[in-house]
Amino acid sequence: MRPSIIEVSELTFDYPGFRALDRVSLSIAPGTVTALVGPNGAGKTTLLRCIAALETPLSGTIRVAGLDVFESPREVHRLMGYLSDNFGLYHDLTVAQGLEYAARSQGLAAAAVPQAVQSTAHRLGLGDKLHTLGGALSRGQRQRLAIGQAIIHAPQVLLLDEPASGLDPEARGALAQVFLELQAQGMTLLVSSHILAELDAYSTHMLALNQGRVLEHRALNHVLATEAGDRAERLLRLEFMEPAASVAPWLQAQANIRLGRMEGHGLEIGLMGGASAQASLVAACVAAGHHLTVIAPITENLQQSYLKSLAVNRATEHSARTQA
Amino acid sequence: MNPEFRRQLWLQFSATRLAVLPILLMACFVAVYLSSEEQPAPALAVAGAVLFAVLVGGMGTLAAGASVMDEITDRTWDQQRMSAMQPWAMTWGKLAGASAYGWYGGALCLLVALPAAWMAEHRGLAPMLALAGVLSGVFLQALMMAVNLQLAKTGGRLARRSGVLALLLLFMWALGPLLGTLRGLSVIWWSLSFDRLDFTVASLALFALCALGAAWRSMAEVLAVRQLPWGWPGLALVATLYLAGFAPSQPWAVLGAVGLGTCTLFTYFALLAEPQPRPQWQRVATRLSAHQWRAALLQLPRWPGTLVLALPFAVLTALTLSQQDARLPWAWGEHFALQALALVLIMARDCALALCFAFAPKSRRPLLAFVVLMVVLHGLLPWLLGSAGSNLLLRVAQPLLAGGALSLAIATVHLAVALGVLRWRWLTSTPGQR
Numbered sequence: 001m002r003p004s005i006i007e008v009s010e011l012t013f014d015y016p017g018f019r020a021l022d023r024v025s026l027s028i029a030p031g032t033v034t035a036l037v038g039p040n041g042a043g044k045t046t047l048l049r050c051i052a053a054l055e056t057p058l059s060g061t062i063r064v065a066g067l068d069v070f071e072s073p074r075e076v077h078r079l080m081g082y083l084s085d086n087f088g089l090y091h092d093l094t095v096a097q098g099l100e101y102a103a104r105s106q107g108l109a110a111a112a113v114p115q116a117v118q119s120t121a122h123r124l125g126l127g128d129k130l131h132t133l134g135g136a137l138s139r140g141q142r143q144r145l146a147i148g149q150a151i152i153h154a155p156q157v158l159l160l161d162e163p164a165s166g167l168d169p170e171a172r173g174a175l176a177q178v179f180l181e182l183q184a185q186g187m188t189l190l191v192s193s194h195i196l197a198e199l200d201a202y203s204t205h206m207l208a209l210n211q212g213r214v215l216e217h218r219a220l221n222h223v224l225a226t227e228a229g230d231r232a233e234r235l236l237r238l239e240f241m242e243p244a245a246s247v248a249p250w251l252q253a254q255a256n257i258r259l260g261r262m263e264g265h266g267l268e269i270g271l272m273g274g275a276s277a278q279a280s281l282v283a284a285c286v287a288a289g290h291h292l293t294v295i296a297p298i299t300e301n302l303q304q305s306y307l308k309s310l311a312v313n314r315a316t317e318h319s320a321r322t323q324a
Numbered sequence: 325m326n327p328e329f330r331r332q333l334w335l336q337f338s339a340t341r342l343a344v345l346p347i348l349l350m351a352c353f354v355a356v357y358l359s360s361e362e363q364p365a366p367a368l369a370v371a372g373a374v375l376f377a378v379l380v381g382g383m384g385t386l387a388a389g390a391s392v393m394d395e396i397t398d399r400t401w402d403q404q405r406m407s408a409m410q411p412w413a414m415t416w417g418k419l420a421g422a423s424a425y426g427w428y429g430g431a432l433c434l435l436v437a438l439p440a441a442w443m444a445e446h447r448g449l450a451p452m453l454a455l456a457g458v459l460s461g462v463f464l465q466a467l468m469m470a471v472n473l474q475l476a477k478t479g480g481r482l483a484r485r486s487g488v489l490a491l492l493l494l495f496m497w498a499l500g501p502l503l504g505t506l507r508g509l510s511v512i513w514w515s516l517s518f519d520r521l522d523f524t525v526a527s528l529a530l531f532a533l534c535a536l537g538a539a540w541r542s543m544a545e546v547l548a549v550r551q552l553p554w555g556w557p558g559l560a561l562v563a564t565l566y567l568a569g570f571a572p573s574q575p576w577a578v579l580g581a582v583g584l585g586t587c588t589l590f591t592y593f594a595l596l597a598e599p600q601p602r603p604q605w606q607r608v609a610t611r612l613s614a615h616q617w618r619a620a621l622l623q624l625p626r627w628p629g630t631l632v633l634a635l636p637f638a639v640l641t642a643l644t645l646s647q648q649d650a651r652l653p654w655a656w657g658e659h660f661a662l663q664a665l666a667l668v669l670i671m672a673r674d675c676a677l678a679l680c681f682a683f684a685p686k687s688r689r690p691l692l693a694f695v696v697l698m699v700v701l702h703g704l705l706p707w708l709l710g711s712a713g714s715n716l717l718l719r720v721a722q723p724l725l726a727g728g729a730l731s732l733a734i735a736t737v738h739l740a741v742a743l744g745v746l747r748w749r750w751l752t753s754t755p756g757q758r
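Sequence lines, in order, name chains F and S. So the first sequence is numbered by our numbering: it starts at 1 and just counts up by one. So the second sequence is numbered by our numbering: it starts at 325 and just counts up by one.
Where chain F lies over chain S, by a calculated footprint (3+ residues, C-beta under 8 Å): (1) 326–340; (2) 540–550; (3) 603–613.
These are calculated hints, taken from the structure and not from any lab test. Even for Gly, the Cβ is constructed at its ideal location relative to N, Cα and C.
Take these sequences, add in the hints, and give me the full structure.
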């Protein structure tokens, strides 16, 4: 098991009159992208701000890369980037100056700053805007500049609070690509967003919060499948020319197949084994004279998973109240 | 180079701004030169000094204050707080960088004022006065930054900035006459004789140092770098030692009384200036219950430090004034002995009452409610009872008027009642879920 890069233990945070986080404990593995989801007021922003050492909790500890964030906040900030949901920019500084200031204030060595400014600007599509003032940028460009300022020092951990709010679909797509690239470089991302479809594109884990408590924290199915390789069951959707009901008995008779939901010409199956098992299934279908038109993996929908998790939690609470 | 200093320089200087200021200043000096009838040197020296004060003390001070407030209004404060810069680097970077344009103009003014003063036969005074001007500038700018950092903690209550500005300006104007009251060629301080101007410059250096210290400590606080709470009582101690040095006689009695007075002022000021949210005290309580003494101290607000420091000063006052021949240089002499201790108890009572208001779950303006209560307890009620001729009730309501041991006894009862109310408030304001 990989050691955690973020370790939160028994974190409790109070605002005057109400408890925002209630004994939250979690650990996040390096190189993952965790979608932080939950309804309004669940404690997402408070959790991010506590991890960033911007708020002091009532009790509990947070360690980032082994450092206690409340004991050594400035040292932790060198390892961390944070984009607030309500970020601002220096309107009177150019893009290059803004990035240079962020790099230097995060302790990047002076010799490495020019290269970091250039590469960050190009990565975020701001290469031709280096001499444009921050105040003259569009909404999407401002968002990218803010992200650039958060990642210019190549932090190990990146905390993002609603990073895509206000962006058009194209800009969101580009942002998702940036996050995937950062993850590929080994960065750990914790992203809070209301737009769960957007998180689907790049998240490896889901952390659901409700009323200041952790509802669920787990790896998403496609990650489990990748990690388990041929030992994992892959969920697939099959579609045939003929009605699914006529193919189902044949499928059930095949090895390593678990039959799932069936509707019209389509059905869902669980298939043990990797890509070779999938290729064998296609070949067997053709050999048996079944007209297979579609075979596609079923990816886990974050929104459905989250809503399911929320529903289970509410049902549990309701049942506990009824019993009481 | 300090990143914050460099950023401020980017913002402060442009080719146009660099060129415009010397031209404007030159125009001012030429106008003064042409309008002076006989000797232009004294007029130029005065004009240089006035312009220096406007640029450094006015423009530079406002810029130093704005270097914090602008971050909050532009929502870049979180980025600053997330930087890896240490508090002192951030403090001096902002202070020197934001006020750099004012200092640039100030330096140009001194280039004219110093030679002019030299020619106007103020050769000995000119360098010291210039030094005093520079120290005053540093003092005001650092003080403004410390005050604004304090305001930053209170979040949305930025409207108070205008009030603080007025206070600062008042202080700036009061400083000159205050130092001017040091009559004569020399000043006696802690029985040592100093030249008046030397003493003024040394005093300004001390004030500037204290203001820089305050700005640094406040910056550390907002950057989440927690520190042990010695800064505020330390400042009260420095102020006490400075002020008590002017006592012509009875230095110990004066030291006690001045220390008590200073701690009282500092305690009430911190109580009114700092928000006292319940979560902060919960953090203290949680750490105390876990026997994490240092962690509990790191969470403490400012006022408990000066409240505790007031106690030894009260004891010193009581001991020195209880001696037969001891007498303070001013009128309210020997009866003050035990009232000094009662005053500390009354202060503790008021602190407890302030927390009662702050912990009220639905209180919208706890500070205002506390101020109103203080006006009633310390002013209106004693006035009413005194006017009604009810001496007994007057002493019960205002223990300091009772005298001697009775003061102490009544103040203890007041404190016990306030602590009881505070305990009840604490227990009934436990936070629930959203």
